[in-house]
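Residue numbers are given in this note's numbering: position 160 of the sequence shown equals residue 160, and the series is strictly consecutive.
There may be inaccurate statements among the hints.
[Unchecked claim] Now the in silico label distances, taken between C-beta atoms and shown as ranges: (1) Gly-135 / Gly-191: 23 to 31 Å; (2) Leu-56 / Ala-278: 12 to 20 Å; (3) Arg-47 / Ala-285: 32 to 40 Å; (4) Arg-261 / Ala-176: 17 to 25 Å; (5) Leu-256 / Ala-44: 36 to 44 Å; (6) Ala-278 / Asn-69: 14 to 22 Å.
Derived from the structure by calculation, the hints contain no laboratory data.
Glycine is no exception: its CB is placed at the ideal position from the N, C-alpha and C atoms.
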Amino acid sequence: VEVVRSSSLLATFASVLLLAACAHVREPSAPTAAAGPSVAETTAELRRLGVSVRELAPDVFVAVVDSPNQSAANVLFVKARDGSVVICSSPYDTETTRALVRYVRASLHPTRILAINTHFHGDGTGGNEGYAAEGVETYASDHTIALQTARGMAGIEGMARYVESDNPALAARVRATRVVPAQHVFHEGEGLTFDLGGERVRVLFVGGGHSADNLIVHFADRGVLFGGCMVRSHPGLGNTADADLEHWAASAEAALVLAPRLVIPGHGEPGGPELLTATAAAVRAR
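Build out the structure end to end from the sequences listed, making use of the hints.
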């Protein structure tokens, strides 16, 4: 009888020890998602592609995409109150656009990224393939979509030929880029308004200028206006092949009503409202 009791006691004790040991065994942790590239890595990638970034005001940045002559393009990106980032325009090609989006993610940790096609040329829509690949929401007017669909491929080849002798690597990247329309389309005359955590961002058509469909993006609470290629910073009017010369001056003056303090042109140095006045004067003096 005593032997049976001892065996039972030992079995019970062993069970307790086993349960105690199991209680201290940790469940294998779930694998963590791989971290994206760092700010340093994405900065180096942009530098390799000829892009520099600087902050113009708190959470307001301009990326300058290097290109021969006056075609170096400004891409504005702004972090809104709700953590969204709004990108105005785009680089000329898919590879550079994807690199820019990776930089934005690494440096600003956005909750959402939206990109505005500011006109149908390559420095307005050329990044759409890259934006789509990176999960960025893209927006364009119905007018821009129509012009891009009709003339996008010719524009890609024209840009490639323009930069080929000075920057063959850029020309190759441009030629590798596909014409992709924006995901979201709005009526040009109605424009588009975003409410991003109480911050209002408006996309407006104030009239033709550098192109018949050029749009501006107004960050009203910040006094910031992305004038895009409708606004001139360099002397003269640049490429006027698709320009609406009849209405350009009035369009630039219409943007003055918004009373911007900081104006970012499509090419050249940012400035103030004097860029709008100078653009109107240059058109009238042509």
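Verification of the hints:
1. Range check, Gly-135 to Gly-191: about 25 Å between beta-carbon atoms, so the 23 to 31 Å window is met.
2. Take Leu-56 and Ala-278: their Cβ atoms lie about 19 Å apart, and the range 12 to 20 Å holds.
3. Here the CB-CB span from Arg-47 to Ala-285 is close to 38 Å, well matched to the stated 32 to 40 Å.
4. At roughly 39 Å, the beta carbons of Arg-261 and Ala-176 sit outside the given window of 17 to 25 Å.
5. About 40 Å separates the C-beta atoms of Leu-256 and Ala-44, a value consistent with the hinted range of 36 to 44 Å.
6. For the pair Ala-278 and Asn-69, the beta carbons lie near 20 Å from each other, so the given range of 14 to 22 Å is met.
The structure fails hint 4 only (numbered hints given earlier).
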